[in-house]
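Just so you know, the sequences run in chain order S, G and Z. Residue 133 in the working numbering sits at position 133 of the first sequence, and the numbers go up by one each step. One gets the working numbering by counting positions in the second sequence from 1 and adding 1000 to each. One gets the working numbering by counting positions in the third sequence from 1 and adding 2000 to each.
Please keep in mind that the hints were generated in silico from the structure rather than gathered at the bench. In this text the structure is predicted, and so the values were computed from the model without any measurement. All C-beta atoms in this analysis are idealised placements derived from N, C-alpha and C, irrespective of residue type, glycine included. Hints are supplied without guarantee of correctness; some may be wrong.
As the list claims (entries may be wrong) - Pair by pair, the computed Cβ-Cβ distance ranges are: (1) G:Val1253 with S:Lys784: 58 to 68 Å; (2) S:Lys115 with Z:Asn2131: 38 to 48 Å; (3) G:Gly1249 with Z:Gly2106: 46 to 56 Å; (4) S:Asp875 with Z:Gly2106: 25 to 35 Å; (5) S:Arg517 with G:Ala1225: 39 to 49 Å; (6) Z:Lys2045 with S:Glu750: 46 to 56 Å; (7) G:Gln1084 with S:Ser120: 54 to 64 Å; (8) Z:Glu2130 with S:Ser120: 34 to 44 Å; (9) G:Gly1093 with Z:Asn2131: 29 to 39 Å; (10) S:Glu316 with G:Gly1249: 18 to 28 Å; (11) G:Ala1225 with Z:Thr2158: 33 to 43 Å.
To be verified - Chain S regions said to be covered by chain Z (calculated; three or more residues, Cβ under 8 Å): (12) 74 to 88; (13) 804 to 811; (14) 849 to 857.
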Amino acid sequence: MKITRRGFLKASAVVGAAAALGGYSTSKKYFPNELFAPVEASPAKEVKKVKTICSFCAMGCGYIGVVEDGVFTKMEPWTDNPINEGRMCCKGASLPSVTNSPRRLRYPMEKSGGKWKRISWEEALDKVAEKMKYHRETHGPDSLFFCGLVHGSNEEAYMFRKFAMLFGTNNIDHQARICHSTTVAGLLNTFGHGAMTNTTIMMRHAKCHFFMGSNAAEAHPVFMKNVFNARDENGAKIIVADPRFTRTAAFADLYLRFRPGSDIALVNGLIREIIKNNWVDWDYVNNRTYGFEYVEKAVEPYTPEVVEDITWVPAEDLKKAARMLAENRPSNVIWSMGATQHSVGTQIIRSFAILNCILGNQGQWGGGCVPIRGHDNVQGVTDMCVLSHFLPGYYSVKSQGSWDYYAKVFSESPYTSGKITPAELKARFGGKFTDAAGKEKDLQLLPGFTVSNWYNGVLLPPIEGIDQPTNIHMAIFWGEAISSITEMKKEKEALEKLDMLVIIDPFPTAAAALPERDDGIILLPASTRQEGSGSVTDTGRGWFWRDQVISPMFDSKPDMWILQELAKRLGFGDHFDYKSIEDVTREINMACRPIGLQGQTPERLKRQKEYAHLFSPKTGRATGGPVDGEWWGLPWPCWTDTHPGTPVLYSDLLPVNEGGHDVRAKWKYPSDEPNAGDPIVRGDTPPYGSAVPQYAGYATDLTGEVVKKALADGNPPTGRGRARLRIAGWADEVPVHREPIESPRPDLVEKYPTYPDQPFQYRITNAEFATEQQRAIAEKRYEKYPIVLTSGRQVEHHGGGAQTRSSYILAELMPELYVEINPKLAASKGINNGDMVWVESARGRIKVRAKITERVNEKTAFVPFHWNGIFEGEDYSDRWPEGTKELVQGDSVNIITSPGVDQITQMQETKVALCNIYKA
Amino acid sequence: MVMLYELWPWEVPEYAPWSWIIAFYLFLGGVGAGALVTASLADLIGRGKYRDISKSGVLISPIVLIIGSILLLFDLGDPLRGIQIPRAFVNTGSWLAIGAWLLMITIILGFTYAYTLFRDKSRGLRVFLAIIGILLGIAVGTYTGLLLRVLQFIPLWHSDFLPLLFVLSALSTGLAATLFFPLLTKLTEEKMKTVHRLSIVDDAIVAFEILVLAIFIDSVSKTNAFGMESVAAITTGVYSLLFWVGVIGIGLVAPLFLSTMSLTVVKHSRTLPIIEFTCVLIGGLLLRLIIIYAAIKQPIFFPVI
Amino acid sequence: MVNLKFLLDHTRCIRCKGCEAACKTQNDVPVGIRRIRVVAVNEGKPGEKNVPLPCLHCDDAPCIKVCPTRTLYKREDGAVLHDKDKCIGCGYCLMACPFGAPQFPGSGPFGSRGKMDKCSFCVQPFIQKENGQKIFREPIARCAVFCATGALDAGDATEISAKFRERVAAKIQPLTGTLV
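All chains should be modelled from the sequences, with the hints used to inform the complete structure.
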């Protein structure tokens, strides 16, 4: 009997022993062999196996779902999947227990008179549509806020954005805002695209992994597989910079513990060290970047000693890290929320990009910028731009041209019967209004509310407080758990003030229970990802087709159906009358041109799945078969339906037709340069193609001729440009250190203050940055709350935790919330391991169990964020509809996290706040 | 809040399934074994002189063993299956199975013996039963120690001196229990003399037990870190009070002292021997409890690499 | 002759508990029992190591020796299996096993401990019978095939040790150029 991993794929038949069991009890044989005469058990069950993609983090892990008699019971490893080779973490491996969780919402429910009661789908949809129409007519379309769908397929996300466009509002946003919006802004403005520049498979080729703000071992366990493969095969080094000694840090060759919020100082210190030692890749810097002199000047003050003062990192370790990064190229920077969720998040990401450019890592296999995304399709939903400032495919809402383009797409799409002219589309919006500064603004061209600030739309007065003529009166939360958003107290207030709250989710989530209101909440049970199909984009931009494992359980419905029904009731159903979900994919292929989504047709995606065994797990490239030469998942940009996809962005190592690419050449030199106004194109010409600016009109040319011409030239349609190390016109042209909103060091705040207040940021009339920081100093929070609080993930739970905390397996693996406290700090406060403690900040306090550990130092504390069900020590689990509250609950750290947001994207600052801890 | 586990169970592998029930069972097994040995010896040597003591012993032995077995049954996960001794206990290499059989036979023998003793059956039969009884009693006493001794990853238990310690403790507690009841009935000069004589035997056993206990503790402390930790818990840690006051003080030193007193100073008091034997019994029970609770399994975390 | 064994690699285990969840999904193990668990040493300190601990299916298994009822037995292919029909729940195997592999649903007196359950190389699920027949599946340990980083591998001892040697050989210190 030889057992191999592949052999396992053959059906593992249940063999039973029909031997009479009474016989052996008197048997004197030590090993009763007669028991093991294999007897084929009668196949009592109908067994179906479905290859599909996991629905937790964005790794894009594949698995085979086993369906017995219509029930998703077991999982088998999809060993051919080049990304995970069949491997899963605990969340993925307990998917059946999530799908089959008895705590799911089973039918539409309405809260009226303080009681939850069951209503029919018809009634629920009618009620929601009626209310939407009512508010649209009385307050204008901007009185609505749409949020979420991060777990939806690309198709559903596209439909959701289209829904908001046709409804007439930009008040639509999703979790990427509080997840990687700063990554998108930072990378997009530096290189041209706001996504991970590698595939996860390529991590195998790196020589040095620099984790900064990522705890991949807990947040993305399967990612570590290729990190370890690189370590064991190439001798790759691992550097981890993190305020906590994380489980990832346990594997580091070098660990740097730095103060939360001092990321830029640390990276600038590294850059200075690299420049000073002349480890700069001059070839890359001279030919493919713009603005190196500015970087050189900006990092000059960050000597190792200065950096040590700001960041706690010993000067010696900083020098060691710089040497390690330089000696082991290609190196990369891997980050997640630890780097993005800061008031200077965009600049932190920019500093990573600059570090990679200076070392010449960008564009190498395994090197470059590696933001690992959180939710299974957050990359795809970001590309579909369920965002308040973009239209699907990153067309800016601020430009009338984008709207006209989409009016054309909607009308010309052969997959729907609807027609709309740009003028009709404009008419659906709220029109024009005069803002607080007396300027006339068009609501269609004004970015809407963001997830991190939506509550202000309810709480602040129109015009004076918020930059739109009406408050938000109705909110639709579509697969969004409120517990991951900061300022929960304000959110609770906003949820209570809304006229109607609609929650569409497989689980009721905390949003249903948090507000203390007796009516006006409607819960619609959406089906889980295992009950629907569609395409999904992983963190490495690869598209996969996710097949339906089982048909929707209980009375739940797929998101697509809900959207179609709502659209029908609101009078624009003709734009949503797709025959199948594949038709939506085809419309996306037609519409989203800037990032090259033309090649990911449903047929190709399904074909890749069928021929998964031809793809190499070492490179992700297929050899032979109909998929010969294709990259796994056809990572965008995939310019045409014969293009193989682009595994590494900005890499000129391959011809464009085989997956080569280059930095986008869409910008012009700023006015203070001698060649002002010229497009920024790269210096020397690579072996393929030539240095050209972006091909004009490629993004709006529905025929695809411009793209074809570019490819014939051997160039990407985005041209061949230079990475902008300096962005002229930004508050910080090159990243410099700025203290977080709540800083434990008033002396440093004086030296490195945050940005001045900004008028008209998204729809906030006056976004406070410096004022908030000064307020913290004036209140002496650094004395009252001397401990720096940071938050993060647990491996067993995901996002707001509604799914995972409802799974009996995951609830058992991690049944409680805790705060990590250093033994020294605990001793000084008289706290023992396991005591209940209060963690208090200027916003409020939460009651959690103390976990004494040396993971954090005595100046920091750490609380995971997945929890809700307890609000400031008060249990509110009785407000869940009966039988649906999660198995395990806890207090929410986002009650006490910082109010700060990023200056560019309104990313919330969850990673740095000041708190105090005392015994409960 | 659903507390599925105690605090942080995911960091500490939990190994503590045997509790006070097993300690009581081991103690009662010892008492039963010792009582049978005492009764048999008294019957053999005393030739009818110590009839009262023999009767007390043979009654105490099976009753105590039955109580112990019932306790053991309660500790099982499936008592209904556990009760089917011939059907369930088939692994003759396992001390638990051997023990179950031994206990069953001992109980049957105890009752048979009692029957012969109370009905004044022929002496030949009684001598035969007494010899078997002594052997079985010692076997049961040894078994209670061997049951623990074979567990090689628990340094406190995996000691050659543990069975010896348990046998000695079994004999002394058995003797104490056997003499305890006759003391409560009408006291004669004859009986008092017997008690005194047997109490000297008990003293000898206790003195030997002290020695063995010292060697046992010493040998365990020399095994490894976990053995040392167990010993530290017993001698200086959480169980130190119970050990020094309970086991050493009440269980071993006090009986010796009281016995000396009753032999030399207060010769006709029945209170002193009663206290003495109660002390022996308490000490024996505490010894089992401490040895069960202070055990630490030596974890092997990295068996392959 | 097959001899089933596990390979545990602490240089790769990140304690994601994928093995624990995969085991529970595959074998329907209820709350309170973990046929495999990941143990951390020096948690939160430099030198932190994790190792998954399933039943290691010892060649000379102490649990088999001490089991009074022959609930535990070694199958020809090396898997140490258990027959719940025979288990009386004495807890002796748990005391004998150095890895804590045998588990009981409860603890405490009066029958609450229940019957023993342990890793069976995915041969037997938690409830071992279906329609009156004993279930015996193919011995493919799901914890190993699902392990996120390859810290856990399972199969024939010769294959496993070859794999282990391969890994040790691969961990050669690389040649890195020194920059001036």
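Here's how the hints hold up against the structure:
1. G:Val1253 with S:Lys784: 58 to 68 Å: holds, 60 Å
2. S:Lys115 with Z:Asn2131: 38 to 48 Å: Cβ of Lys115 (chain S) to Cβ of Asn2131 (chain Z): about 44 Å, so the range 38 to 48 Å holds.
3. G:Gly1249 with Z:Gly2106: 46 to 56 Å: violated, 36 Å
4. S:Asp875 with Z:Gly2106: 25 to 35 Å: holds, 27 Å
5. S:Arg517 with G:Ala1225: 39 to 49 Å: violated, 59 Å
6. Z:Lys2045 with S:Glu750: 46 to 56 Å: violated, 36 Å
7. G:Gln1084 with S:Ser120: 54 to 64 Å: holds, 58 Å
8. Z:Glu2130 with S:Ser120: 34 to 44 Å: holds, 39 Å
9. G:Gly1093 with Z:Asn2131: 29 to 39 Å: holds, 34 Å
10. S:Glu316 with G:Gly1249: 18 to 28 Å: Taking Cβ atoms as reference, Glu316 (chain S) and Gly1249 (chain G) lie about 59 Å apart, which means the hint is violated.
11. G:Ala1225 with Z:Thr2158: 33 to 43 Å: holds, 35 Å
12. 74 to 88: Answer holds; 8 residues pass the 8 Å Cβ test.
13. 804 to 811: holds (count 3)
14. 849 to 857: Coverage by chain Z holds here, the residue count being 3 at a Cβ distance below 8 Å.
Checked against the numbered hints listed earlier, the structure breaks hints 3, 5, 6, 10; every other hint is satisfied.
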